[in-house]
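Participant: Now for the letters of each chain:
Protein chains: 2
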Amino acid sequence: MDLLKQRIVEDGTVLPGNVLKVDNFLNHQVDTKLMDQIGEEFAKLFKDEKITKVITVESSGIAPALMTAFHIGVPLIFARKHKSLTLTDNLYTANVYSYTKQVSNDISVDKRFLNPEDRVLIIDDFLANGQAVQGLLEIAKVAKVDVAGVGIVIEKSFQKGRSMIEKTGVRLESLARIASLDNQKVTFVE
Amino acid sequence: MDLLKQRIVEDGTVLPGNVLKVDNFLNHQVDTKLMDQIGEEFAKLFKDEKITKVITVESSGIAPALMTAFHIGVPLIFARKHKSLTLTDNLYTANVYSYTKQVSNDISVDKRFLNPEDRVLIIDDFLANGQAVQGLLEIAKVAKVDVAGVGIVIEKSFQKGRSMIEKTGVRLESLARIASLDNQKVTFVE
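Here the protein sequences come in this chain order: A and B.
full-length UniProt numbering numbers the first residue of the first sequence as 1 and each following residue consecutively.
full-length UniProt numbering numbers the first residue of the second sequence as 1 and each following residue consecutively.
Think of the hints as simulated: they come from the structure by calculation, not from any bench.
Just so you know, not all the hints are guaranteed correct.
Intra- or inter-copy, both count: the list cannot distinguish identical chains.
Claimed, not checked - When the alpha-carbon atoms are kept at most 30 Å apart in a straight line, the in silico BS3-like pairs for lysine-lysine are as follows:
no., residue 1, residue 2
1, K141, K83
2, K33, K167
3, K144, K21
4, K33, K141
Keep in mind that this is a model prediction, so the values were computed, not measured.
Using the sequences plus the hints, can you model the full thing?
Facilitator: The structure is reproduced here in structure tokens:
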């Protein structure tokens, strides 16, 4: 998605440690028009997939997932993040480790919202090591729902998230794939 | 907003302790078409207010705030919630107490995103005691930005949030105002 790549180059900042800061248009301040176009693009990419629900993890995933679900014409579910719970009878839960924050959280979805007849699309803003996606895939498996695919706004292709998803056989579409952030410069996958 | 009220009656559940559960269409699973209509309604209500940015707090505020900002044609900012920080030089920060979760968190917005020429609209999914709105009003004050108004999806009019906002003189628009949840029944303000 050229518009997004152009925006990353113009407005993104590369920080030491392979961090790409895009908080001025993607995950703190949000360019709502761009977000709508991102949603439209995912809806187009997955249009033949008979998706019944879009699923993401709070908080940064909500904006792109909401616009995608709106354009497909289905509900959005956002998994909740929290410290490990003792009572989880009514929840599908998975444990997710965040390398960025170096903390482990449970994510959960109420069992009422995922049924075996569902076919879900997982959307997230970033793919690095793929922990959040892995957690959602685990939840989908336990809930016995089909996963139509994974849609990522910005993929750090030099980290292991992509290969993890490819091993599961699930379709992966990333709107911008970053090959490297070396020398504080963004290089996209050709 | 009749469509919203009807949905609250049909799909909401009243739990003991004046809790209205609407997680099947508003804040866990999201009806994206309804959310779009909510955004359209806020945009219409505040259309003459020369709003430059919409602001909310993660996570449940993001969906209605994103749709509102999209329909107005301005960026969205979502304040981040976290434990009290030691380094806050580049952030506007306010402390917010959650009665529901009985926990106190800081919320913060990067200083780059609020400037004195901005005129913001605060959007949130629920108004009960008004702690989150109060935190955003504090941030707006310190950032020296005008507040055009506060837009709330569901207001519990029997709690003190409304009177707190009215005392500040800031315009408040709630799409559904609930007078009482007594006897596990939703009664709207006439």
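Participant: Look at each hint and say if it fits the structure.
Facilitator: Here is what the structure says about each hint:
1. In this assembly of identical chains, K141 and K83 lie within 30 Å of each other by CA distance solely inside one copy; the values are 22 Å within and 33 Å between copies.
2. Taking CA atoms no more than 30 Å apart as the test, K33 paired with K167 passes in neither setting, with 34 Å inside one copy and 35 Å between copies.
3. Taking CA atoms no more than 30 Å apart as the test, K144 paired with K21 passes between copies only; the shortest distance there is 26 Å, against 36 Å inside one copy.
4. Taking the shortest alpha-carbon separations for K33 and K141, only the inter-copy value of 28 Å comes in at or below 30 Å, while the best intra-copy value is 34 Å.
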